[in-house]
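S.K.: So the protein lines, in turn, are chains B and H. To convert, note that position 273 of the first sequence is 273 in my numbering; the numbers rise steadily by one, no gaps. To convert, take the position in the second sequence, counting from 1, and add 1000; that gives my numbering.
Treat the hints as calculated values from the structure; they're not laboratory data. Be a bit skeptical, because a hint or two may be false.
Stated by the list, open to error - To give an idea of the chain B side of the interface with chain H (calculated C-beta under 10 Å), a few residues:
no.: 1; residue: R154
no.: 2; residue: T161
no.: 3; residue: N390
no.: 4; residue: V417
As the list claims (entries may be wrong) - Residues on chain H that point at chain B, a partial pick, calculated with CB under 10 Å:
no.: 5; residue: L1288
no.: 6; residue: A1386
no.: 7; residue: K1420
These numbers were taken from a predicted model, which means no experiment stands behind them. A virtual CB, placed ideally from N, CA and C, is assigned to each residue, including glycine.
Residue-level listing of the chains:
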Amino acid sequence: MLKTSAFEENLRARVGEANLHLASAGDAVSGVLPEFVAEPNDERQLAGILSLANEAGIAVVPRGSGTKLDWGNPPRRAQLILSTARLNRIVEHVWADLTVTVEAGCTLQSLQQTLGQHGQRLAFDGLWPERATIGGILSTNDSGALRLRFGALRDLIIGVTIALPDGTLASSGGKVVKNVAGYDLPKLVTGALGTLGIITRAVFRLHPLPRTAKTFSFSAENSADMQQLILAIQDSQLAHTSLQIRGAASELLAADILFEATDAGLAAQESQLRDLLGSARVEQSPGSIWDARQNLWNPPANSTLLGKISLLPTHIAKTFDFLKSLGNSRKVSWQIVLQATGIGMLWLEGDPDQLSAVVKQSRTELESRSGALVILHRPSELRAIDAWGNAGDSISLMRAVKHQLDPKSILNPGRFVGGI
Amino acid sequence: MDARIFQELRSIVGAHGLVSSPEELHTYECDGLTNFRVMPLAVLLPSDTQQVQAIVGVCHRERIPFVARGSGTGLSGGALPVENGIVISLARMNRILEMDLANARVVVEPGVINLDVTGRVQPYQYFYAPDPSSQSVCSIGGNVAENSGGAHCLKYGFTTTHVLGLEVVLPDGSLVHLGGKCLDMPGYDLMGVFVGSEGTLGIATKVTLRIVKRPECIRTLLAAFPGTNEAGAAVSDIIAAGMLPAAIEMMDNLAIQAAEAAVHPNYPDCGGLLLVELDGPVAEVEALMRDVDEICRKNGAWEVRLAKSDTERMLVWKGRKAAFAAMGRISPNYIVQDGVIPRTALPRVMSEIARLSEEAGIRVANVFHAGDGNLHPLVLYDRRIAGQEQAAESLSYRILELCLEAGGSITGEHGVGEEKKRMMSKMFAEPDLDTMQRVRCAFDPLQLSNPTKVFPTPRLCGEKPGEYVAHPLETAGVAERY
């Protein structure tokens, strides 16, 4: 391809031999094999490469460490992987102000280790922290159990720098927690799957590490009882940090609740919890119980589909019952780890045709109750199913935003909602 | 305005929904920032979403700029009318549409007053967390536009944390739904962009809010320090001890005097007053309050007292929330600023403000949300004295520059609006502002929704050659085409 070879020459000149290599099978994105992988040294170089690709109309897939590279739809085209692996510095941890500026390629774990030295944390628990990068986590809008108390990354990010296809490096937000100057672009790029620009650095507000933490677990005979217990906890004056429900076709529903407090506060809350739960048995659990969401991913076989569900807390029982009967009739096994926020991870395993039917019916069910089901991982036979579902009546506005920032549609083309 | 268009607008809202007499229009010529005034052509008071759509549709067709207005309490001129434009007041759309306690959500129209949301859910032990000082009069629609904060956002977050879904009339009159009742609806977080966009991206006509369960107990402590530096050191130690209070407020002596004169909150007469509020389970709050008490004394507080009753606590807050208006007791005129600094820069910035104040011969009272570094310097002056107003304005802008030099922001909660748009190019580089304006072009390519606000130079969105029609802003010389 002539265009590509001219581009390759420019690219090589810009990024240097050492930071450019040909893509191999492991670099494929949902079955689409790109031609090159570039690893720029800094954000300026990254922006420069992006603008070269834009001029040549080369499709770019931004990549952190690639842990969630197959989330979203398969790309319509993918020629260049633009990696943030070398943008991995923690630029500034102003511990006295509880803020940190970090480059996109830094892993969550390495960030947390640095923050921990001053008794602080990014109050966020994402999947695979030892490998997942800040840029990737932001772009995919992953969130875990701490969201109930601290919000998702959209609520913790206070500033961002993005590289746009025309080579612009644009910042918005700032380095202070409270700031309403200008548009909140940190939120716009959080969850945009790298389709608007490439996040090169982010600024977060931090929280102190908890003094003491304790987890308790309890179970319920059926979904209606479990829902009642969850709603009762949410309606109580307990100050819990996390609350998750674990459900599977064959087992009782179990739930876990995390308290982070002083010793005195913890003892009082434990006894309040026991009062509130009445006859339900309450046991202390190890902190590793909070890995349940991540454990659903170990290891995804080719007959496995994983998805993110959004529902209202009052629809917990209905959703579990629906899955139970659908799973039975379709011979598909299922598991869910659902947070009390209404965000859950759904695991399905079965024959691809049956999986496809279960996804379709579950999505219709959830959407009819103002929720959603987004596919995160699926067997290769099911790549044609839309990952996102109904994007609502703002889809033309979303396309207009995309067109303003990436008019040639070179960033992750076709992977986002509505074919964006 | 063309009589035909005027008739058409009147037919949408009815004679009672249209204000056009000069006497009545005066009410709308400014918001809480009274030194900017513009007379609108007309004010429309729609009573439902369809009427808002119809009005905006006419504006779009006729290229008439419009400004949405809630209660008009904004402090940056966000609801200031624009030349040759109309004002759309959402005051009549003030119904609470739905209360869903089990899911902790409330759906409201934009004209609903902030405190009325809490009023509705209070019997069930819930509250709506964002609490700007004007909460008894300001509207949810205005809060959404400005991403309003308040004293308790230190712990609970800003308006944007509490908005889950929006129904929005776009500047072409079409209707979209952003976000929803559930979290993380597929697609871009356009709701996150809309909140805090100061009316420049359209008009919210329905808002889904998150409400919060009232904590088991709330305790408020007052600590009197010799000065703001000692109080500031105590704040840093509280944060360093790993606590996240519901609020930490600070007032200097001038602000204390003004509050005393206005509402008699019985504050100790000191150089730096700290108000620390903790909430949560009783055992937890009591354990932490002992730590706060100790930290305050260690940093030189000579009086530390806990509000003994809810009445006493409310009085403490009344003094704080009345602080801006109380300035009227000690000065004929004043400018409220809203800069933010990293908390650690407080001593440096405070002493610099004191120096500048002395140099200019203009008093500055200070009220801050100390926990998050949001300063509200109140620059006091007398308009009747020649040159004072100008000197006060230049001092207040100089204070914002100090905030920027310290790595902060020009606004923490009041918005940029008309007042601070020129400061935006000091805070952001050209590509930053340009990127924001590209987002704006996606929402409002004709720049009709609150144009001339927020950005120092409004940019017209690239239209295809041949379709060029001079925009009213262009002919008026306030914008240029790129």
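S.K.: Give a verdict on every hint.
M.R.: Each hint tested on the structure:
no., hint, result
1, R154, "holds, 6 Å"
2, T161, "holds, 9 Å"
3, N390, "holds, 7 Å"
4, V417, "holds, 5 Å"
5, L1288, "holds, 7 Å"
6, A1386, "violated, 33 Å"
7, K1420, "holds, 8 Å"
Figure legend: structure checked against the earlier numbered hints; the only hint not met is number 6.
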